[in-house]
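Asks: With the hints as extra help, turn the sequences into a complete structure.
Sequences listed follow chains A and B, in order.
Count the first sequence with numbering that gives the first Met the number 0 and you get residues 0 to 404, in order.
Count the second sequence with numbering that gives the first Met the number 0 and you get residues 0 to 404, in order.
No lab work stands behind these hints, which were simulated from the structure alone.
A few of these clues could be false.
Same chains, same names: a pair is fine if it fits in one copy or spans any two.
Restricting the straight-line Cα-Cα distance to at most 25 Å, the calculated cross-link-like pairs of lysine to aspartate or glutamate (DMTMM-like) are [to be verified]:
#1 K61 - E329
#2 K65 - E87
#3 K49 - D378
#4 K363 - D209
#5 K49 - E289
#6 K212 - D313
#7 K49 - E379
#8 K205 - E245
Number of protein chains: 2
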Amino acid sequence: MNFINGGVCAAKGFRASGIHVGVKTSNTEKKDLALIVADCDCTASAVYTKNVVKAAPLIISKEHLKNGHARAVLVNSGNANACAPDGEENALRSCRAAASALGLNADDIIVASTGVIGQRLPVEVIENGVGELVTQLSYDGSKDAAAAIMTTDLVMKECAVEFEIGGKAVRIGGIAKGSGMIHPNMGTMLAFLTTDCAISPVMIEKALVDAAKVSFNRISVDGDTSTNDMLSLLANGLAGNDEIIETGADFEVFAYAMNALCVDLAVKMASDGEGATHLITCTVRGAKSEDDAETLSKSVISSTLTKAAIFGADANWGRVLCAMGYSGIEFDPDSVSVTFESDAGRIMVCKNGRGLPFDEDNAKIILMEHDVTIDVTMDEGQGECTCWGCDITYEYIKINGDYRT
Amino acid sequence: MNFINGGVCAAKGFRASGIHVGVKTSNTEKKDLALIVADCDCTASAVYTKNVVKAAPLIISKEHLKNGHARAVLVNSGNANACAPDGEENALRSCRAAASALGLNADDIIVASTGVIGQRLPVEVIENGVGELVTQLSYDGSKDAAAAIMTTDLVMKECAVEFEIGGKAVRIGGIAKGSGMIHPNMGTMLAFLTTDCAISPVMIEKALVDAAKVSFNRISVDGDTSTNDMLSLLANGLAGNDEIIETGADFEVFAYAMNALCVDLAVKMASDGEGATHLITCTVRGAKSEDDAETLSKSVISSTLTKAAIFGADANWGRVLCAMGYSGIEFDPDSVSVTFESDAGRIMVCKNGRGLPFDEDNAKIILMEHDVTIDVTMDEGQGECTCWGCDITYEYIKINGDYRT
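Replies: Now the structure itself:
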């Protein structure tokens, strides 16, 4: 498996586009509507937020994906269409407009939204703009679509991988957004994936759920799980491989590539967390189980105090132990060791639950790097897990103190 | 029951003191050692952090309180004595030093620490300073003790109440610290209470646990639960009431006063959260149960995004619904209404799960006040609960980005 350039159009037979139609009223330069369309019918699946409050487009998309098939994905930024008047009706109107312009049925369309909660979706500007959006569809359109789903993201997020199944070259590609409100349970993030692999609806769902568990569900920006999170995958089968209909060698190759792609997009999200100046990777080894290791690692990367310490390049490892201690997992603190690492070096600061004397200046140099790793070892078992987060900064407060204006 | 002036010396027969001995090395002006001493033996109880990683003084205090009695409380700030070399030995040495200076046994002493994790407690400066600390003991010493337990607190926290039991005037008073790392499960906070009530060890424990549940356990500053949290109560019986040995009318009067005192101290902690510019009160009414209402309310006041919105005086009520939605409680979002309130007015922004049109300028004026209330109503049952938190600010990041220097 190799990473290759490209995004949602890397796989055969997918076009995309992204334009400004007016959902974002404050800045007419910013794209706010994206479309991804397959050249032929696709098997399809999606994973949705676990928030009890679910945005209208998720409910409509779930309905449309009941048959395991779809042809296109329509996404607006600037308005979440959550807790909003006429939410489901407007999500459906968006689908109908796209379907009409594409010559498809409304239930061929997956729809998603991201932005402010509680305000009516200006569906009319979507209806008016979708014709132009279809005109702009292109096999080179991934970057336009990736730009159109951004909100407070600073970096456009694309990724693509290539591998072989039964001698056929297969690709998976995707775009994502989600700098803010990201959390382990698929907090607000959107990711739309496409593949030319031939794979059944049942197996596509399994691959998607498994990949989400080890990627998007292992990142956190601020612990808030949004109403709009969604991850979808369209598979058009144009790679010509024998359709994957069960677990086995072919599925494993596909799943491995899916996981790698999703981890790449997830880490890009964490790294581009709102206002973030550091990507924080926390690996816990030696926990009782992988689940325990995940809970411990998530607790560390979600700790506001740890995030603030990393922002200040302060080797305050006590906060790492503290966050593990309130994670809900039982363990012996006296078996825990903590090491900070980055491109600038590696320094152990705590061994067997007790602080080690260490060179504070050196620790600061290590923690000044953008990518910082917190390595935790313990002595409870073989469980191991890595989670990703980012620091909390003045800029985060600024962005979220006045998001709506 | 009336609130009265005073703190930990408001009840008969308690002296206190607070001085600088050198645990805090960076600022010799700042007091760092506090002592509270009863004139006679007390029944006593304490509540400790639920963090798996427990600081050494908690372990020693628990040991000393096994018999349900104590005479004094010794507290240092500037060093948490958690995950530190020789932790338990140094906590015990602190107790021995205080006991020796007071002519008591080491197990008469409750000991607590707050400050940086992982560094050895400079117990020698405590041993050298405790004699002077005893010399300074005074029936007017509450403020000195309250000052000596502060870390990043800006406001000294004292409270006292007076009431009658069986015709006898009874008082409870206390001091507290805990602007940072406060969380529902008794996150880092210290509170030391004294009363002249005659009450048995069993009933004092019940009163303390019950009061913590509705006060300190219902506040959150940043979701981090510390290794050092502790709440203790000494009762010397000098009020002369018949000893409370069971539930009933007398206990109810005592418990009511305890709850009021603890809520007052807890709200003071939330209001003085690190860097906070707003006290946020969230009341949820109409949940299935009080526990559900508490979980929902805590989720709202703990949401980083809600905290950032209040910092920016932004009526972004969608984040309130969003936080309720990921709290883990099931409910019908279409039954939820949200109102913001302060001394400047009251404005409903969401009714039955949908945004209402509202005057943004007026909402901003309401949210610019220091004390802001988020009133949530739903239609699931009779459960009601109020929790307290604070906003997240630039100053919070600044304080916690470089706490150790």
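Asks: For each hint, tell me whether it holds in the structure or not.
Replies: Status of the hints after comparison with the structure:
1. K61 - E329: Answer is between: at 20 Å across copies they meet the 25 Å cutoff, but 38 Å inside does not.
2. K65 - E87: within (17 Å within a copy, 60 Å between copies)
3. K49 - D378: For K49 and D378, only the inter-copy Cα distance (21 Å) is at most 25 Å; the intra-copy one is 33 Å.
4. K363 - D209: This pair counts as neither: shortest intra-copy Cα distance 37 Å, inter-copy 44 Å.
5. K49 - E289: Cα proximity of K49 and E289: in one copy and across copies (21 Å, 23 Å).
6. K212 - D313: Result: close neither inside a copy nor across copies, 31 Å intra and 34 Å inter.
7. K49 - E379: between (30 Å within a copy, 20 Å between copies)
8. K205 - E245: within (10 Å within a copy, 58 Å between copies)
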